[in-house]
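From first to last, the protein sequence lines stand for chains Y and R.
The first sequence runs 1 to 602 under this note's numbering.
The second sequence runs 1 to 320 under this note's numbering.
There could be a bad hint or two in this list.
Stated by the list, open to error - Below are the DSS-like pairs computed for lysine-lysine, each with C-alpha atoms no more than 30 Å apart in a straight line:
no., chain 1, residue 1, chain 2, residue 2
1, Y, Lys245, R, Lys177
2, Y, Lys71, R, Lys235
3, Y, Lys316, R, Lys177
4, R, Lys73, Y, Lys578
5, Y, Lys505, Y, Lys548
6, R, Lys305, Y, Lys304
7, Y, Lys33, Y, Lys105
8, Y, Lys481, Y, Lys548
9, Y, Lys245, R, Lys165
10, Y, Lys304, Y, Lys347
11, R, Lys311, R, Lys227
12, Y, Lys26, R, Lys73
13, Y, Lys451, R, Lys227
14, Y, Lys578, R, Lys235
15, Y, Lys85, Y, Lys26
16, R, Lys311, Y, Lys26
17, R, Lys261, Y, Lys529
18, Y, Lys581, R, Lys261
19, Y, Lys451, R, Lys261
20, Y, Lys581, R, Lys311
21, R, Lys227, Y, Lys245
None of these hints come from the bench; they were simulated from the model.
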Amino acid sequence: MKVYRTNVMLCTCTMCVSVGALAIRKRLEEEIKKQNLEDEIQVILTGSSWLCTRGPTLIVQPDDVVYQFLKEEDIPHLVEEHLLKGRPVKSLMYVHPETLYPIEKLHDVPFYRDQRLIALWNRGIIDPDQIDEYIARDGYKALAKVLKDMTPAEVVQEIADAGLRGRGGAGFPTGRKWEFCRSNPNTPKYLICNADEGDPGAFMDRSIIEADPHSLIEGMLIAAYAIGASKGYVYIRIEYPLAIKRLISATAQAREYGLLGEDIFGSGFDFDIEIFRGAGAFVCGEETSLIHSIEGRPAEPAQKPPFPVQRGVFGKPTVINNVETLTNLPRIINFGAEWFAAIGTEKSKGTKVFSLAGNINNAGLVEVPMGITLRRIVYDIGGGIPNGKEFKAVQTGGPSGGVIPKSLLDLPVDYERLQEAGAIMGSGGLIVMDEDSCMVDIAKYFIEFTKDESCGRCTSCREGLAAMHEILTNICEGRGKEGDIELLEELGEATKEASLCGLGKTAPNPVLSAVRHFRNEYVAHIRDKKCPAKVCKALIEYEVDKDKCTGCTLCARNCPSQAITGGKKKPHSIDRTKCIKCGVCIDVCKFDAILVTTGESP
Amino acid sequence: MTSSGTLEPSNPGSASSQVPSDASPPSPVGAVLVVGAGIAGIQSSLDLADSGFKVYLVENTPAIGGTMAQLDKTFPTNDCAMCIVSPKLVDCGRHPNIELITNAELAELTGTPGNFVVTVKKKPRYVDEDKCTGCGLCMENCPVTKAVYLDQEKVEVKLEPDDLKRMRSIIEEYKDKEGALLPALHDINISYSYLPEHVLRYVSEELDMPLSLVYQIATFYNAFSLKPRGEYTVKVCMGTACYIKGGNRILEAFERALGMKVGNTTEDLTFGLETISCFGCCGQAPVVVVNEDLHGHFRISQIPKLLRSYKEAGNVKTEA
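Pulled out of the complex, with its shape left as it was, chain R reads as follows (with noise of 0.2 Å):
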């Protein structure tokens, strides 16, 4: 039923008339359903289309261009997506060879491969398509104008008393403040040692910011953890100067005498495994760290008496 001559005459490609009939290629045959109109849909209409294809576009919704219709830039060139996307919605609806269905549903596919058999189904827009012309003057004068939406209900984040306590005088300082939020975890992180999840939802409320922001920010940074963390954090520095001096194989070597990857706790919540890109301390490379405590030059060997010592005695500072 389709025929290169059904091409739109300015496809280059096309050239119908200087061609004879007789010599071009075998035209090609049958049909093509796509199903949904988004970008990539009209894109491949368009496409099979200008190949000389008949296309069937089934969209859901009841106009066709999806999502990007819905955006105002694209990555990476940050171009204009309505400036991408209009002049294809218009191809399209123009285009010869692509028949759009709307407001549509595929019900049913069957055969194989070259013979499909295909039941759409489209769903009533309690108007007589064969009449409408589109004018808009319906639109216009349908009384109902607004719909309601309600805001959605508040979450009261209730708090333990000593919680409360705490995020207090965080909040009071940070409140009201702008980029408030980046400080206001370092104040958590330094109290609970980690980002504890009910914590995080009192930030949320309190601070009047999505959840989904609070998660992304916590998410982002290195410094913080939502995992409660141990008693002594040991940190392994990653710096280059470390690295170069055996950095990875004390990791390696803190990873067997913990028996646990880096990034866990020990089940005892006594010692966290963590690296860290650089402390700074290049001079006494390789270093561990230690909570606060910096052991510089370090040895595997020195590693059970390391431990030991943290376990043993509590608080007592050591000097590598």
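Next up, chain Y with everything else stripped away, as it sits in the complex (with noise of 0.2 Å):
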């Protein structure tokens, strides 16, 4: 094997690849040979290596620098400075949200230095499309010993020991799910992976995929063995086609190298991966729902009990584990049961992936241990509010989660804590809202997904969340009367506690929470017809501020309903009768001169 003197780490995940990725590879290997480093630098793509607001992102190794918001044009100089001369270049380094200072090394980056890698092990390494590059961070290893040491009710007990809780949302017990399907009789047995992952604002399933796609697969097989399954599927969302492509390879490597098929590794175990394309359904992501989805039959939800584990895909005791769950393991066989319980809280073992998005600076995927508080991650990693703005709220598990207020920042993470406040853990996403999100609309946003993803089997969610989210939505519109906020909270609970699935069981948990921890903002919108926030359209106005208008017309020439008006270099004014508050001009104005406002001023 050939050995380069500097390796540049590309990341090619789908959000880099959105801002021009590949353009960068491209230029760099020009670039390169231009200055015949051919045989000393090697270029290799990995997957969601960084953080993904600040694409393209590159590292360079063993000098561990990294550099962010690549251009095509910066990458002559880069290659020139820092490949040929040994100079990093400070200009497109990270800065310190604080000090303004240039940040060098990639591990001294707050919001790499705090993180704990065990499902991302592999993040930002490896090419995800070369399987040598895996087995050389010592893939496959876990899965030669499980094959050759140990029995599959010992691995089955490792894990129970471990603590692992499935990181689908619900946190069952992922040793405990394991063993009622091993003890059952009934054969053949089925693995599914579930990477439908529905909710909006969550995308770690797609990173881990696309960034390692063999620690899957070598979690999925451990997981077979200890469970006597013999064939396994993976239920990818349709709307990943990277995510899919990468993984269709690394499973054609797998198969190439015999860990996947017949008599792996010569032990007589026999397992296959069968990749399978979900089609935009939300309520495939609930795992009976995902099972009539394999079998070909309309996607709604089934009763339970019989558990997946007892009566599961085609009748046969199926396991349904989370992507991140899956790649937990290769690391808890490696490294052991103790090591893995050592981290964490008492009930909520290790680490968890969380995709850290919305108004904040470092939106990205963090891997943090259990109980690490909400202000760390917002603070420390996610490196705070932009543009100086108040943080209002977070929302963990989408659709299914609640939003925690400022009051609840120090919150230990975990499944328990989150809970008592409202939310759940759910697959991991945290959005971030500042000042300027209004909590009655990201409720009706919520509820109006749910409404639509609902599969309309159970009257309670099908109707529930329809007179719901009318009453949110005449609420916005500035039609809500007293004793709405009572009866939001009346059908919810009768929602929560009537619904068959957990697509209506958690759909108005959005709701409940946030009328729980902002219930002035539902009685302002209520009572004085106001959105505090300024975002509800029929209770806000826009305006003109009449210091900073230069009178460029630029915001005149782009309003689609000319309701503005003003001669050139004279201020301008805003016609409020025309304006249908689109938000243009205020996308358009380079002086920050258009003001919403909560339509007191005249």
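Put the complex together from the two separate chains, hints included.
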């Protein structure tokens, strides 16, 4: 194998590709060739390596230097200065949000420094399309250990001892789930990896598969051996084309190496994986719906019990695990249950991957030990709120979760504590909201989503959510009336109580938690007909700040309803009767001269 | 003609023996006609009869019970349907205040509330009802026991040669496999960019699945469309992160720019407009995807340029 002096790790996840990572790759290779460095420097394409908002990003190893916000035209300079002359380019480095000083080393960046990587063990280090690179990082070592030295019962015990709980959201102990399936005499058994990451605002499953598909395959092999399954499915969203492509390529390579198929490692254990593409239905993330979807039946949930471990896909015992749960397994086997159990809190062990997004400086994938406080995630790792705005709330668990207000920022993050606060761990989406987010509007957004995604089987979910949506729409449009809040609470509780599957049982959570923590905002909408966050269209007005407006006419030219008038170099004004509050003027104004008010001033 | 005295003695509300007759409230008078002896008709008749009305229960078929008697389980409790309905059938048949008129139809109704005149047409049974005891012997001895149901004529679905060529490989791959429908629909969706009706009919025949099931699956998932899609499908992400960064305003701006509501396609089939619940690219929020190209950190002001670049340059890819 050829050894290179320097490796340039370019992130090519979906997000970095969307901002031009592939053009950068081409330019990099051209420039390296131009400088005659192709025998010394290698470009490696990795997945989800770093801060996703700051893409395209690039890490130079072994120098441990990280570059962000790359543009094609930066590349010649970067190659010449750093790769040829060995002088890192400061202008392209991460800048500390407070000290404003560039940070050179990747491991000194707070975002990276405070993370603990288990599921994301190989993030940004290996090329996901090269199985050899995974094997070089102790890949498939855990599988060999399991197949050669351990019985299935021992594997189940090891995972139970580690205290691993399902990372899909509900947090059911993985070891116990496996034991139910392992001891079931019915055969054949199936293993399903749930990669139908339907929660809006969650992207860790996509990133894990894009960055390290072999960890998932190895995890599935270990799980399959433990429960006695010989066939596995990965149910993955069709919205993730790159992840599907990488997974297909990874399974093909594993098959070629004899790591999937018959008689793996000569142990007599057979296992293969089929990749099953979902088709954009949120309810398919619910395990019984997912099973129906694989069977080719309408994807409506079924009553539990029987649980999938008793009667799953095609009526056979089936274990369904989340991507992150499965990718934890190789590390637990390699380092032992005690090592894993030492991380985290009393009831929640190990780490959790969160997808940090929303109004935050460093959006991206973070893996942190359980029990870390939200404050540390938001401020130390996430770098705080951009543009000097005030933190308002963090939303966890997507449409099944809830909002956590500022007063609970010191809450340690684990399954139980989040539940107490009215939210849930969920799959790990963490959406940070600043003062400009309206809690009624966000609740309406989630209910609209779950209302559309409800399969319609249970009356309580189908009608309850529609009724809640109507009330919330009325409140947002200034038609709220006294008693609406109480009615929302009653409807929410009833929907939770009477629905069959997880979707209906959790769908009212965003409303209930928002009402619980931000009741004042609801009252302001209903009683004063005001939207304090200036979001709800019917309750706000747009106007021009006469002092800031330079009269550039840009807004007037872009206004779709010709509501803005004013001469050149003179302050403009907005005709409120014509204004449709589309926000185009805010978007185009270069001087921040468009103000949004709650409609008080004339 | 009725009074509380005719109530069933088991009814806890009656207790007629203890209450002096002159102290009881005015007794209900008159009779009620209930049309249809399904579960609703049966329950209404029982409630009315228990409260003292004479009930005439008219049913079109020869037996009462309706659809519920044919069901296995009922929603939402999944209780056995017969366990719920059969005690009511017995109660209904035995209730002194209910008179069953089965195998009959309502022929005419005149009068005003409180004073209706009803004509009921009884269909012939071809047996003497006064003498028949319902022993069932005649049924056992009737020589005609089986009716013959012919197989429905198989519909031959013909495809154009071009369609047939596209479809053959898809069908070959999935035929005789369990759970083949969804993957097959995915492949058709990739090949045609939507699910044409004639192709779905063909799939239903070839995979030997009811067309209703194919339709149910095809309309259940957001990834499929039964209408032709435009050459470029603009998908606006409505994930939480995109939403709080103004995703809905971007959608409205696209609606204005394309002159149509979301879920439609422009007349020249150039652009289609859809929303998607999340691309998992929350770090680049707000996100807009055109076919396979992802445009992150999207701003409303970029829309005209974006649409123009696709319209003019054909397949030239742009970076937002």
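Here is how each hint holds up against the structure:
1. Y/Lys245 - R/Lys177: Since the Cα atoms of Y/Lys245 and R/Lys177 sit roughly 23 Å apart, the hinted pair holds (cutoff 30 Å).
2. Y/Lys71 - R/Lys235: Since the Cα atoms of Y/Lys71 and R/Lys235 sit roughly 26 Å apart, the hinted pair holds (cutoff 30 Å).
3. Y/Lys316 - R/Lys177: With a Cα-Cα distance of about 17 Å, the restraint between Y/Lys316 and R/Lys177 holds, given a limit of 30 Å.
4. R/Lys73 - Y/Lys578: Violated, at roughly 57 Å.
5. Y/Lys505 - Y/Lys548: Distance ~50 Å between Y/Lys505 and Y/Lys548 Cα, so the pair is violated.
6. R/Lys305 - Y/Lys304: 52 Å, violated
7. Y/Lys33 - Y/Lys105: Holds, because 26 Å separates the two Cα atoms, which is no more than 30 Å.
8. Y/Lys481 - Y/Lys548: Roughly 38 Å separates the two Cα atoms, so the pair is violated.
9. Y/Lys245 - R/Lys165: 26 Å, holds
10. Y/Lys304 - Y/Lys347: Holds, at roughly 25 Å.
11. R/Lys311 - R/Lys227: Answer holds: R/Lys311 to R/Lys227 is near 21 Å, not above 30 Å.
12. Y/Lys26 - R/Lys73: The hint is violated at about 63 Å.
13. Y/Lys451 - R/Lys227: 23 Å, holds
14. Y/Lys578 - R/Lys235: Between Y/Lys578 and R/Lys235 the Cα gap is close to 29 Å, so the pair holds against 30 Å.
15. Y/Lys85 - Y/Lys26: At roughly 21 Å apart (the allowed maximum being 30 Å), Y/Lys26 and Y/Lys85 satisfy the hint.
16. R/Lys311 - Y/Lys26: Roughly 27 Å between the alpha carbons, so the hint for R/Lys311 and Y/Lys26 holds.
17. R/Lys261 - Y/Lys529: Holds - the C-alpha atoms of Y/Lys529 and R/Lys261 are around 29 Å apart, at most 30 Å.
18. Y/Lys581 - R/Lys261: Holds: Y/Lys581 and R/Lys261 sit about 18 Å apart, inside 30 Å.
19. Y/Lys451 - R/Lys261: 20 Å, holds
20. Y/Lys581 - R/Lys311: 28 Å, holds
21. R/Lys227 - Y/Lys245: 27 Å, holds
In terms of the numbered hints stated before, the structure departs from hints 4, 5, 6, 8, 12, listed from lowest to highest.
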